[in-house]
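Going line by line, the protein sequences match chains A and B.
Numbered according to our numbering, the first sequence spans residues 467 to 1143.
Numbered according to our numbering, the second sequence spans residues 11 to 248.
Mixed in with the good hints, there may be bad ones.
What the hints assert, rightly or not - No more than 16 angstroms apart at the CA atoms, straight line, and that leaves these computed lysine to aspartate or glutamate pairs for EDC-like:
no. : chain 1 : residue 1 : chain 2 : residue 2
1   : A       : 1103      : A       : 639
2   : B       : 246       : A       : 940
3   : A       : 477       : A       : 562
4   : A       : 1096      : A       : 937
5   : A       : 899       : A       : 937
6   : A       : 1089      : B       : 138
7   : B       : 244       : A       : 855
8   : A       : 1103      : A       : 1090
9   : B       : 141       : A       : 1090
10  : B       : 241       : B       : 135
11  : A       : 720       : A       : 937
12  : B       : 102       : A       : 638
13  : A       : 1096      : A       : 638
14  : A       : 1096      : A       : 810
15  : A       : 1103      : A       : 638
16  : B       : 246       : A       : 1090
17  : A       : 801       : A       : 736
18  : A       : 931       : A       : 943
19  : B       : 240       : B       : 116
20  : A       : 715       : A       : 673
21  : A       : 899       : A       : 940
22  : A       : 1089      : B       : 144
23  : B       : 104       : A       : 745
24  : A       : 856       : A       : 815
Unchecked claim - Covered stretches of chain A, going by a simulated chain B footprint (3 or more residues, C-beta under 8 angstroms):
no. : stretch
25  : 724-737
26  : 742-755
27  : 966-978
28  : 1084-1093
By construction, these hints were calculated from the structure, which means they are not laboratory data.
Quick caveat: nothing in here was measured; it's all calculated off a predicted structure.
The beta carbon of each residue, even a glycine, is placed where N, CA and C say it ideally should be.
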Amino acid sequence: MVTKVLCVAEKPSIAKAVANHLAGGQVQTRNIQGNPYVKNYEFSYNFPTWGQCNVTMTSVLGHLLSHDFDAQYKSWRSCDPSALFEAHIETFVEDDKKAVAENIKQQARYNRVLYIWTDCDREGENIGTEIRSVASQGNPSFRQPGNTVRARFSNIERAHIINAARSPVQLDEAQSNAVSSRIELDLRIGASFTRNLTMSLRPMIQEHTGEERSQVISYGSCQFPTLGFVVERYIRVRNFVPETFWGIKVMHEKDRIKVSFNWARNHLFDRMAVVILFERCLTARTARVTKVQTKPTSKWKPLPLTTVELQKCGSRFLRLDSQRVMQVAEQLYQKGWISYPRTETDQFDRGMDLQGLVQKQTQGGPWAQFAQGLMNGGFSQPRSGRNNDKAHPPIHPVNFVVPASLSQEEQRVHEFVVRRFLACCSHDARGSKTEINLLYGFEVFSTSGLVVLERNFLDVYPYDKWTSSQDLPDFREGQVFEPTEARMYEGQTSPPGYLTEPELIALMDANGIGTDATMAEHIAKIKTRDYVQTRPRARQQRREGEEEEYEPGEAAEPDVGRGRGRGRGRARARGGRGGANGRGGGAISGVQEFIPTTLGVALVEGYENMGFETSLTKPFLRKEMELRMKAICEGRKTKAEVVHESIEQYRDVYIRTQQRLDSLRAAVRKYVFQEDG
Amino acid sequence: MASQRQYAATPAMASGNAEDVAASISAFLASKHVPPTQAWMNGFMSTIRLNTPIVALQKTALFRLLATDITTSITKSPASCFAANITDPQVKEKHVRGPITVQVLDIEDIGRSRWSQVEAIEAQERGETTKGREVIRVVPDENSSDAATQTESKSSGPHKLLLQDAYGMHVYAMELTPINGVGVQMAIGAKLVLKDFIVARGVLLLEPRNVEMLGGKADTWDKKWREDRKKVLKEKAA
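Make a model of the complete structure from these sequences and hints.
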């Protein structure tokens, strides 16, 4: 008897790709009723576990089930918002997913095995259990452990998929439970706080503006801390008081080269102190070379690519915000060009055939020659970072694709992924660094020179810069000379910039809020809710010693130490993308910075002023929730425990905010209505 | 008595004679460069039991003396205090042998901007440095060129101190190299003994070899200093 297997993927494109790989092209496609996107693919395949099978492969469209409160709680006026902490939640199929669910239920009847092919992350695991529960309505036998299995895959490449198909595993209930708890918590906490917040503030805002808009002031346990970071930086910038500092500069001309030496103390904020120290230098008259050291140095190749890194680099180098980068990366993954783009892993498994992947990139693209170079002996094992989520490898290119066949945005992201991967497989860049120290009076000064000897990975990875400095003249230890020039100078501190997206992502990551999969969404949320706005950052005056940033459209420029010009400060033609060609204060750099709206500031200030315990705009509440969810995945806590603990914590905060709503109202008056006091 | 064993090496159990005990304690304090005034000794003697081991009395005396204002509690002499013209900015350089005992009235970290110090205090007030509630505000970036500003906000020193001798004279001093125990967490009213140091344009230049840290504190001054600190830093920044 031929076994009948029902495979269900998360998206139609995955279903189609997997079906074609397994069937070797012999696939029959059927439409389903009620939805034009989902198709059923029928083919036969020989699974080691079940032998020759008739397979039906279909998909869902993301989450199949939705959750909401029972009808009696749906209206905002129906109950006190705090009742939502305990109100019953019902699970149901949303109207737009009914056809998809129906298809699953029907197909379930004809099949003996349910094979889940959702993406391998927590959400995917949860969707897998949703599929199982819907399918079980058509075929209760799927509830038995042996009859539902799951495929473990990280990309849509043929050999990888076939391998995955032959080694099914069990659904990870723990991960699915973690997601369920998150869904429940987000619903309860989000709804109760949103209703409370809106009902407390909307009347006064409507009264003030005279509009009857039903504006919702929403709360999300991740969005608020994200907003908190933006507002905190904004206030820091606004409150910033510039201060004058003083420093000492020493310059010496030798062998027709002007060498600048930096003061070991950098600069001080007391003029008298610097004057005194400077005078002692002048009194000493001569400086003595205390150290001349030349040693090899290197610039490390980058670490393998994670989601957070991709988002940061997308913002900095590719002019795509984090949400867009992830959308494009997802497309590239579905088409089979790159591996699963949601990963925290920054180390490649030792057994992986990296050379094979490099070989594929020799077929074309602007990096073909470099890839060939790696195959001809330039290959080096990638660095290993400290993270491994055990689910997916770092993001890497899986196949060769002609860049022109991709859309503009896909090309940019794809190119970045390929270049990053090839850079990982190269050698570090190597150079030679000379350090010279002086003792002048009582003060220490130093300078250094760099000669880049081998660019290696830099030739394929233009996003990092490392250039030779000017040549240094010869100095010998013990040498004594009178510096050509020594002078005191004055400068002023300047405020930090407003938060850019890469900085915000880095802060969310460092403070443990949001997972790699959700960070971009939270950032998008605070934009759509009108809590923040973005604007391009005006390029500031270049400060001493700042590196130049990579601009898309620039060719990577090899600069192997020829000539006197420093790496910085040379005039260069800019690519046409978004900005003036001039240098200096007015040029736009294209990186977006976040400015909170008056409402955003009012919310953060309002909650801050309520006191330390109610810090909804600080990351720790959410961070603790994320840690609890991790505990569910690792089997250390149950869903019930976690939901209970988090609800109690937030309920506490809810009660406190109720008592101190005046603080919130005062902040709205101050910032949104611009009333004083 | 059991305590006798600990003090076996030293000769003196208190003999019970008030004069001798007082003399012994005074001599001890003088050897530490904090010779007490008669008035202070009288006050101290009225609080002790004469049959306490002498070493314990000496230690207690030192501890209490270090908590006082030296302009009233120790004897003054030209040799142990600053010369009147020490703060003269016309004098390029002068060498002072000492030893001179001083107390710390104020201390400033001049390696960091005052505003960054204000921000650090505010972050602490918001509870962002409490364990479990830490908020990371600056993420070190591998490619960051801003290493200079980042390290600046964490740097400690050099420090500028306002010192006062037994005559009450105020003098500024600066650390040339970091001195153990000198920092913004040090107690206001702490006593130092200075030896063999340079004065440049009226400012003392201090290195570890010039400074013996006696310690101590003036409770009320220290408390007030800490309370006012944020306000003072803000005023100085503006």
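How the hints compare with the structure:
1. The hinted pair formed by residue 1103 (chain A) and residue 639 (chain A) meets the criterion: a straight-line CA distance of about 13 angstroms does not exceed 16 angstroms.
2. At most 16 angstroms may separate the alpha-carbon atoms for a hinted pair to count; residue 246 (chain B) and residue 940 (chain A) exceed this at roughly 44 angstroms.
3. Of the supplied pair hints, the one linking residue 477 (chain A) and residue 562 (chain A) holds, its CA atoms being roughly 15 angstroms apart against a limit of 16 angstroms.
4. Distance check on the hinted pair: residue 1096 (chain A) and residue 937 (chain A) sit about 53 angstroms apart at the alpha-carbon level, beyond 16 angstroms; violated.
5. Under the criterion of a C-alpha separation no larger than 16 angstroms, the hint pairing residue 899 (chain A) with residue 937 (chain A) is consistent with the structure, at around 11 angstroms.
6. Between residue 1089 (chain A) and residue 138 (chain B) the alpha-carbon distance is near 14 angstroms, which keeps this suggested pair within the 16 angstroms criterion.
7. Proposed proximity of residue 244 (chain B) and residue 855 (chain A) is contradicted: the alpha carbons are some 46 angstroms apart, above 16 angstroms.
8. With a C-alpha separation of about 13 angstroms, the suggested pairing of residue 1103 (chain A) with residue 1090 (chain A) holds against the 16 angstroms cut-off.
9. Of the pairs offered as hints, the one joining residue 141 (chain B) and residue 1090 (chain A) holds, with about 13 angstroms between alpha carbons and a cut-off of 16 angstroms not exceeded.
10. As the CA atoms of residue 241 (chain B) and residue 135 (chain B) are separated by approximately 14 angstroms, the hinted pair is consistent with the 16 angstroms bound.
11. For a cut-off of 16 angstroms, the pair hint linking residue 720 (chain A) to residue 937 (chain A) stands: about 11 angstroms separates their Cα positions.
12. Distance check on the hinted pair: residue 102 (chain B) and residue 638 (chain A) sit about 78 angstroms apart at the alpha-carbon level, beyond 16 angstroms; violated.
13. With a C-alpha separation of about 13 angstroms, the suggested pair residue 1096 (chain A) and residue 638 (chain A) falls inside the 16 angstroms cut-off, and the hint holds.
14. Of the pairs offered as hints, the one joining residue 1096 (chain A) and residue 810 (chain A) holds, with about 14 angstroms between alpha carbons and a cut-off of 16 angstroms not exceeded.
15. Of the pairs offered as hints, the one joining residue 1103 (chain A) and residue 638 (chain A) holds, with about 15 angstroms between alpha carbons and a cut-off of 16 angstroms not exceeded.
16. Restraint check for residue 246 (chain B) and residue 1090 (chain A): the C-alpha separation of about 39 angstroms exceeds 16 angstroms, so the hint is violated.
17. At most 16 angstroms may separate the alpha-carbon atoms for a hinted pair to count; residue 801 (chain A) and residue 736 (chain A) exceed this at roughly 61 angstroms.
18. Taking the CA atoms of residue 931 (chain A) and residue 943 (chain A), the gap is about 31 angstroms. The hint is violated against a cut of 16 angstroms.
19. Using a Cα cut-off of 16 angstroms, the hinted pair residue 240 (chain B) and residue 116 (chain B) holds, with the two alpha carbons roughly 14 angstroms apart.
20. For the given pair, residue 715 (chain A) sits about 61 angstroms from residue 673 (chain A) by alpha-carbon distance, which is inconsistent with the 16 angstroms threshold.
21. Under the criterion of a C-alpha separation no larger than 16 angstroms, the hint pairing residue 899 (chain A) with residue 940 (chain A) is consistent with the structure, at around 13 angstroms.
22. Distance restraint check for residue 1089 (chain A) and residue 144 (chain B): the Cα-Cα separation of roughly 11 angstroms lies within the 16 angstroms cut-off, and the hinted pair is therefore satisfied.
23. Taking the CA atoms of residue 104 (chain B) and residue 745 (chain A), the gap is about 14 angstroms. The hint holds against a cut of 16 angstroms.
24. Among the hinted pairs, residue 856 (chain A) with residue 815 (chain A) is consistent with the structure: their alpha-carbon atoms are about 10 angstroms apart, no more than 16 angstroms.
25. Restraint check on the stretch 724-737 of chain A versus chain B: 5 residues with Cβ-Cβ distances below 8 angstroms, three needed, restraint holds.
26. Using a Cβ-Cβ cut-off of 8 angstroms, 4 residues of the stretch 742-755 of chain A lie near chain B, which meets the minimum of three, so the contact claim holds.
27. Counting residues of the stretch 966-978 of chain A whose beta-carbon sits less than 8 angstroms from any beta-carbon of chain B gives 6, enough to reach three: the coverage restraint holds.
28. Check result for the stretch 1084-1093 of chain A against chain B: holds, 3 residues qualifying (beta carbon to beta carbon below 8 angstroms, three or more required).
Violated hints, listed in ascending order, are 2, 4, 7, 12, 16, 17, 18, 20; each of the other numbered hints is respected by the structure.
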